[in-house]
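Student: Chain B: place on chain A using the hints.
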Amino acid sequence: MHLKPAERDPASQPRFYSALLALFILWPLFQAAEVSPGALFDPSNLKVIGSFLSGFLPPERGSEFLGYLGKATLETLAIATAGMALAGLLALPLAYLASAAGREKPTLNPLIRSLLTILRGVPELVWALVFVRVFGLGPAAGVLALGLTYGGMLAKVYAEILESVDAAPARALRLNGASRPLAILYGVIPQVSKELASYTVYRWECAVRASVVMGFVGAGGLGQLMDQAMKMFNGGEAASILITFLLLVFVADLISSGLRRSLDQAPPPSAAPFGPGSTGLLAIFVGAVTTSFWFLDIGFSALFTLESASSINQFIGSFFPPDLSAAWLSKVAQGVWETLAISAVGTLFAAVAGLLLAQARPRLLFNFLFNALRSVPELVWATITALSVGLGPFAGVLALALHTTGVLGRLYAEALDNAPAAPGRALRLSGVPSGLAFLYGTLPGAAPQLIAYTLYRWEMNIRMAAILGFVGAGGLGQLLYFELSLFHYAQASTVIIAMLLLSIAVDQTSAWLRRRMA
Amino acid sequence: MSFALNGVGLTHANGFVALDGITLQADQGEHIALIGPSGAGKTSLISLLGTALAPSSGQVSILDFGQNTASTAALKRLRARIGTVHQAPPIPGRQRVITAVLAGRLGQWPVWKSLASLFYPLDIPGAREALARLDLADKIFQRCDQLSGGQLQRVGIARVLYQQADLILADEPVSALDPVLAQSSLQRLIDDAASRGATLVASLHAVDLALNSFPRIVGIKAGRIAFDLPASSVSEAMLHELYASEGQILPTQSNEACFTPQAASTPPLRSACT
Chain A
1 MHLKPAERDP ASQPRFYSAL LALFILWPLF QAAEVSPGAL FDPSNLKVIG
51 SFLSGFLPPE RGSEFLGYLG KATLETLAIA TAGMALAGLL ALPLAYLASA
101 AGREKPTLNP LIRSLLTILR GVPELVWALV FVRVFGLGPA AGVLALGLTY
151 GGMLAKVYAE ILESVDAAPA RALRLNGASR PLAILYGVIP QVSKELASYT
201 VYRWECAVRA SVVMGFVGAG GLGQLMDQAM KMFNGGEAAS ILITFLLLVF
251 VADLISSGLR RSLDQAPPPS AAPFGPGSTG LLAIFVGAVT TSFWFLDIGF
301 SALFTLESAS SINQFIGSFF PPDLSAAWLS KVAQGVWETL AISAVGTLFA
351 AVAGLLLAQA RPRLLFNFLF NALRSVPELV WATITALSVG LGPFAGVLAL
401 ALHTTGVLGR LYAEALDNAP AAPGRALRLS GVPSGLAFLY GTLPGAAPQL
451 IAYTLYRWEM NIRMAAILGF VGAGGLGQLL YFELSLFHYA QASTVIIAML
501 LLSIAVDQTS AWLRRRMA
Chain B
1 MSFALNGVGL THANGFVALD GITLQADQGE HIALIGPSGA GKTSLISLLG
51 TALAPSSGQV SILDFGQNTA STAALKRLRA RIGTVHQAPP IPGRQRVITA
101 VLAGRLGQWP VWKSLASLFY PLDIPGAREA LARLDLADKI FQRCDQLSGG
151 QLQRVGIARV LYQQADLILA DEPVSALDPV LAQSSLQRLI DDAASRGATL
201 VASLHAVDLA LNSFPRIVGI KAGRIAFDLP ASSVSEAMLH ELYASEGQIL
251 PTQSNEACFT PQAASTPPLR SACT
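Same order as they appear, the protein sequences are chains A and B. Going by the numbering used here, the first residue of the first sequence is number 1, and it counts up by one from there. Going by the numbering used here, the first residue of the second sequence is number 1, and it counts up by one from there.
Pulled out of the complex, with its shape left as it was, chain A reads as follows:
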């Protein structure tokens, strides 16, 4: 550079070094994620995925198969509903214990809080995988797994919702001599009932998706059917299942948003606090939960016999102590690194694709594409990408990228719509091509929002990357799946602990980042 210091852009040096640093970090990440675009076009891979995809048409419509499909769909719904009921049972007392609401001194309960962290820090898929080994293939494992993870999640969010509102009413009631439970019922619940119900319904919608995914490890429902179809390369059946699944998610979404909207209406003034609407909803809710447990026919009584208790005890005992030998720890560390690499590279791909597609027109068409991409869970994508590039981390990268492109594309498009329009328009009016007007005028306004969305998504993808390996897409999940299959429980235990620690670390880091950015 021959420029005098005064004429040099003072930002150039930091930018140069940041770019260098980014390259320095990204290169090993790409290495670890085994990114090899060539594999996509490898002739033998192309043949496999080609024949599989061509089998998609026509979707299987045989009456026998449709019968299975119908039963599996009901089973998925029942697992989600029963799992949520269990989660709610677990969450209510835990949230009460963990929350500071209604306490005169805002003390938190560290013991319960850490229990919640453990419950939701281990993904439901891992619980399902473990429970399948105790209770055998079938819905019981799925229901219990959902109950534990979602119980922890609901409890945490319930506790936070209870704390988030005006504390004065409950405090005033305590000062009139009301006990804490009553002070919460009369002083806090009326403020938060809508939010609690809304979040619960939203979680039920997530549970439907989760129960499909858990089927892949043998916990019943649509997922298990899909897994069988994929293993037999039966494209027609896979297509039918996929279509059913998309419809199911769509309907669950409709029900969920309908229920949440109905919460907004104020009841008519009458002596009874519940109108016919809420009474009807309550009846439906009770009916749905009862029907679900009846349909699944889980022999819970069999689970609580002395015999099964001792076998569960023995099973849990075999996980302890975890294998902490240096050799295994280094292997697990490698798995953590691979998981991070998969999540980072997958998110990066999705961010680039999402940003490009977010501006593509016609918008309606691309919105449909985004919706289709994001309604297929990452794990289902992974089974397909594993067919097209072979088992390994790259399949995980592609699966994450496909799903996340759908999510981020949608979010980016909204953020860009909401960004100030004037700067871009002014540039276009002065003859700047629209692409450049976007870079100079629109993008700077939307950038903070885009970055926030991307980081948030990356956070979720780290958790997801940890379990994608169950279908062979690398990372910690693959390690866990192998060790469990080989009955190496001490080693599996180490991997589960690593997943838990990773989840907690991500939690803490993102909370810290949010605090700093706020």
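Be a bit skeptical, because a hint or two may be false.
What the hints assert, rightly or not - Taking lysine-lysine and the DSSO-like style, the derived pairs with C-alpha atoms no more than 30 angstroms apart in a straight line are: (1) A:Lys105 / B:Lys221; (2) A:Lys105 / A:Lys194; (3) A:Lys105 / A:Lys231; (4) B:Lys113 / A:Lys105; (5) B:Lys113 / A:Lys194; (6) A:Lys71 / A:Lys231; (7) B:Lys113 / B:Lys76; (8) A:Lys47 / A:Lys231; (9) B:Lys76 / A:Lys105.
As the list claims (entries may be wrong) - Computed beta-carbon distance windows for the label pairs: (10) B:Ser175 / A:Thr291: 31 to 41 angstroms; (11) A:Leu254 / B:Ser195: 13 to 23 angstroms; (12) A:Tyr202 / B:Ser195: 47 to 57 angstroms; (13) B:Leu118 / A:Leu57: 49 to 59 angstroms.
Stated by the list, open to error - To give an idea of the chain A side of the interface with chain B (calculated C-beta under 10 angstroms), a few residues: (14) Asn45; (15) Lys47; (16) Gly50; (17) Ala170; (18) Leu173; (19) Pro190; (20) Lys194.
No lab work stands behind these hints, which were simulated from the structure alone. All of these numbers come straight from a predicted model, not from anything done at the bench. Beta carbons are placed, not taken as given, at the ideal position from N, Cα and C, and that holds for glycine.
Tutor: Using the frame of chain A, we list chain B on its own:
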């Protein structure tokens, strides 16, 4: 004896001294108005009497109950006998008026009754009677977020009427009401206390309202008691001394021309506005 404070001080965690050396006693059935500039410690004193705050020094005895040696159950029983009207009514917006009023007796009702009352209000006549005294009987089944600020404040008063407490504490209970409604609502509270022989302690920003309605006036300034006198003995000069930090004009009910420093000297204060 309704309550007795002996040399009570209250220092907040940040070192701010809210109350200092307060000695104050009241017999059962007395009506006392607390007046003083904002920040003087009126709310702190009411919180102390309501057992919301514990004193940093001195002795507090409320309804013959030594607070310093309280067990949880005994404290709860005590609290059920204390009713507080808050300046900002502590009532959830989505709660219905009937439930908000019935909540006044949560400390007295058995648990099953409190729980059942969430599903169907168990004392509609009682709540309606309390609301009727404040001209709100027609709002009984409305949701609180459909009420105006003044209506909500009166629901807060109705809750305390319904509670039938032995010690009624009121922190600026009528601040959101217009002068006429303020006078009448305060009078309901006073009548209720008088009819049941309950003690009433109210902090009021409007000096005229205090002087007109309460026999005993306690002036608070900078966390200390400035004077504690029968209303008839409170002089103009004392009031100006009390409110010196807030300028020349004494705080009264809004738009009342009858109470200005110039005009006040000739007609006696308490009859000027009636």
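Student: Does each hint hold? Answer for all of them.
Tutor: Going through the hints against the structure:
1. A:Lys105 / B:Lys221: Distance of about 29 angstroms is within 30 angstroms: holds.
2. A:Lys105 / A:Lys194: holds (26 angstroms)
3. A:Lys105 / A:Lys231: The hint is violated at about 57 angstroms.
4. B:Lys113 / A:Lys105: holds (27 angstroms)
5. B:Lys113 / A:Lys194: Distance ~24 angstroms between Lys113 of chain B and Lys194 of chain A Cα, so the pair holds.
6. A:Lys71 / A:Lys231: Holds. Lys71 of chain A to Lys231 of chain A sits at ~20 angstroms (cutoff 30 angstroms).
7. B:Lys113 / B:Lys76: OK: Lys113 of chain B and Lys76 of chain B at ~17 angstroms, within 30 angstroms.
8. A:Lys47 / A:Lys231: holds (16 angstroms)
9. B:Lys76 / A:Lys105: With Cα atoms ~16 angstroms apart, Lys76 of chain B and Lys105 of chain A stay inside 30 angstroms; holds.
10. B:Ser175 / A:Thr291: 31 to 41 angstroms: violated (54 angstroms)
11. A:Leu254 / B:Ser195: 13 to 23 angstroms: violated (58 angstroms)
12. A:Tyr202 / B:Ser195: 47 to 57 angstroms: Once the Cβ atoms are compared, 52 angstroms apart, the range 47 to 57 angstroms for Ser195 of chain B and Tyr202 of chain A holds.
13. B:Leu118 / A:Leu57: 49 to 59 angstroms: holds (56 angstroms)
14. Asn45: Violated: closest Cβ of chain B sits about 58 angstroms from Asn45 of chain A, beyond 10 angstroms.
15. Lys47: violated (61 angstroms)
16. Gly50: violated (58 angstroms)
17. Ala170: OK, holds: Ala170 of chain A within 10 angstroms of chain B, min 8 angstroms.
18. Leu173: For Leu173 of chain A, the interface hint holds, since the closest Cβ of chain B sits about 6 angstroms away, which is under 10 angstroms.
19. Pro190: holds (4 angstroms)
20. Lys194: holds (7 angstroms)
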